[in-house]
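**Q** Chains A and B, in that order, are what the protein sequence lines are.
Take 1 as the starting number for the first sequence in the working numbering and just add one per residue.
Take 1 as the starting number for the second sequence in the working numbering and just add one per residue.
What the hints contain is simulated information worked out from the structure, not anything from laboratory work.
A quick note: this is a predicted structure, and the numbers were derived from the prediction, not measured.
Heads up, some of the hints might be wrong.
[Stated by the list, open to error] Some residues of chain B that are not near chain A, with every Cβ distance over 10 Å (derived):
no. : residue
1   : 26
2   : 82
3   : 136
[Stated by the list, open to error] Here are the simulated lysine to any residue pairs, SDA-like style, with alpha carbons at most 25 Å apart:
no. : chain 1 : residue 1 : chain 2 : residue 2
4   : B       : 57        : A       : 28
5   : A       : 23        : A       : 39
6   : B       : 157       : A       : 18
7   : A       : 47        : B       : 122
8   : A       : 48        : B       : 57
9   : A       : 45        : B       : 139
10  : A       : 23        : B       : 40
11  : A       : 44        : B       : 23
12  : A       : 50        : A       : 40
13  : B       : 57        : A       : 23
14  : B       : 148       : B       : 172
15  : B       : 67        : A       : 28
16  : A       : 14        : B       : 57
[As the list claims (entries may be wrong)] Label-pair restraints from in silico Cβ distances:
no. : chain 1 : residue 1 : chain 2 : residue 2 : range
17  : B       : 173       : A       : 52        : 55 to 63 Å
18  : B       : 155       : A       : 77        : 40 to 48 Å
19  : A       : 71        : B       : 66        : 36 to 44 Å
20  : A       : 61        : B       : 49        : 37 to 45 Å
21  : B       : 67        : A       : 77        : 25 to 33 Å
22  : B       : 152       : A       : 52        : 38 to 46 Å
23  : B       : 173       : A       : 45        : 35 to 43 Å
Glycine included, every Cβ here is placed at the ideal spot set by N, Cα and C.
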Amino acid sequence: MSKNEDEKIINDIKEGLDFIEAKISVNTPDIARFRRMVTQVEDKKQKKSKREIIIFVLIAAITLSVETFAFNQSILFFIIIQAIAFTSFIIGILNWVIRGNRKVKAI
Amino acid sequence: MEEHELVIQAQNGNREALARLLHNNYEIVFRYLIKFTLDRITAEDITQDTMLRAIEKFDLYNSEKSKFSTWLITIAQNIYLDQLRKNKSQKKYVEEGDIVERLIEKTDSYDDSWNRILCALSRLNEEARYPIILKHYYGYSYEEIAKKMKILTGTVKSRIHNGLKILKKELEEYE
């Protein structure tokens with residue numbers, strides 16, 4: 001394919017797209033529709049946030065209760081629970097880092 | 001109200017300001033997308049998705065790094081590219097006929113060679129069309145296009161080259 005033919009095609013593409021850019025009418029929705037969209041999405045985000053806080057508080061309460069119970073029953077049992085929790089936390093962090101690196105490599 | 005003021009108000013939680021920002025920038029996003037999709041309905045759908053995602057991710061917008069319209073266009077590009085990847089194996093039905101008259105309601109006279117090339121461009125695989133427009137209309141480099149599409153630079157070059165070959169062949173058949 002010759003350079004001149006390439007240039008002719010590219011020029012026609014540019015002029016055609018410029019023409020569409022200049023002449024096309026845009027049906028922008030009414031502002032009320034954007035207000036509704038913002039309200040719907042923001043309300044959904046707030047509900048999700050509240051749900052996450054409730055779950056967090058529940059898990060924290062259960063964890064503290066188990067820890068307190070374990071401490072009261074047996075120091076050894078308490079230490080074992082702490083060790084399991086700490087190890088799980090480290091494994092979780094490492095897993096997250098490794099998955100993050102895999103995503104970066106994939107890009 | 002100036003866009004900068006709207007952004008500040010929206011970032012402070014003013015929903016009306018955010019709605020106005022999106023309303024004011026709808027046209028810019030649509031005009032950007034129509035050049036890639038060459039189809040009004042698809043461009044409107046992606047613009048709508050862009051607006052929704054912008055609302056969801058507005059907390060992540062940094063007004064010091066880019067203009068609001070630039071940020072919206074980045075979102076639109078990502079949505080469009082996601083669709084390209086998902087629709088890879090699907091053959092899209094392309095409406096026959098005069099594409100310029102389909103997109104523009106009232107036309108003054110226009111150069112028919114534009115219409116022919118745009119028809120051919122609309123029939124081209126989107127994976128070739130997108131880099132051709134980015135390269136030759138918007139002036140992106142091969143490396144920038146490769147980064148956007150998450151493919152190799154060599155792949156971008158071959159898609160553009162092959163795409164232009166297909167366009168030329170279609171135009172020859174027309175003649």
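**Q** Run every hint past the structure and note whether it holds.
**A** Hints versus structure:
The non-interface label for residue 26 of chain B is inconsistent with chain A: the shortest C-beta to C-beta separation is roughly 5 Å, within 10 Å. Every CB of chain A is more than 10 Å from the CB of residue 82 of chain B (nearest about 14 Å), matching its label as outside the interface. With a least CB separation of 5 Å from chain A, residue 136 of chain B falls inside the 10 Å interface cut-off, contrary to its annotation. Annotation: proposed proximity of residue 57 of chain B to residue 28 of chain A holds, straight-line Cα distance about 22 Å (limit 25 Å).
Taking the CA atoms of residue 23 of chain A and residue 39 of chain A, the gap is near 33 Å; set against the 25 Å cutoff, the hint is violated. A hinted pair counts as satisfied when its Cα atoms are at most 25 Å apart, and residue 157 of chain B with residue 18 of chain A qualifies at roughly 24 Å. Between residue 47 of chain A and residue 122 of chain B the alpha-carbon distance is near 42 Å, which puts this suggested pair outside the 25 Å criterion. Of the supplied pair hints, the one linking residue 48 of chain A and residue 57 of chain B holds, its CA atoms being roughly 14 Å apart against a limit of 25 Å.
Distance hint between residue 45 of chain A and residue 139 of chain B is unfulfilled; the C-alpha atoms sit about 38 Å from each other, more than 25 Å. Distance check on the hinted pair: residue 23 of chain A and residue 40 of chain B sit about 13 Å apart at the alpha-carbon level, within 25 Å; holds. About 21 Å separates the Cα atoms of residue 44 of chain A and residue 23 of chain B, which keeps this hinted pair within 25 Å; it holds. Distance check on the hinted pair: residue 50 of chain A and residue 40 of chain A sit about 16 Å apart at the alpha-carbon level, within 25 Å; holds.
Simply put, residue 57 of chain B and residue 23 of chain A have alpha-carbon atoms about 32 Å apart, too far for the 25 Å limit, and the pair is violated. Among the hinted pairs, residue 148 of chain B with residue 172 of chain B is inconsistent with the structure: their alpha-carbon atoms are about 32 Å apart, more than 25 Å. With a C-alpha separation of about 20 Å, the suggested pairing of residue 67 of chain B with residue 28 of chain A holds against the 25 Å cut-off. Taking the CA atoms of residue 14 of chain A and residue 57 of chain B, the gap is about 33 Å. The hint is violated against a cut of 25 Å.
For the hinted restraint 55 to 63 Å between residue 173 of chain B and residue 52 of chain A, the CB-CB distance of approximately 58 Å keeps it satisfied. The hint said 40 to 48 Å for the Cβ distance between residue 155 of chain B and residue 77 of chain A, and at roughly 59 Å that hint is violated. Restraint check, residue 71 of chain A to residue 66 of chain B: a C-beta distance of roughly 52 Å breaks the suggested window 36 to 44 Å. In this structure the hint that residue 61 of chain A and residue 49 of chain B lie 37 to 45 Å apart at CB holds, the actual value being about 39 Å.
In this structure the hint that residue 67 of chain B and residue 77 of chain A lie 25 to 33 Å apart at CB is violated, the actual value being about 59 Å. For the pair residue 152 of chain B and residue 52 of chain A, the supplied restraint of 38 to 46 Å holds, since their beta-carbon distance comes to about 40 Å. Between residue 173 of chain B and residue 45 of chain A the Cβ separation comes to about 52 Å, which falls outside the hinted range of 35 to 43 Å.
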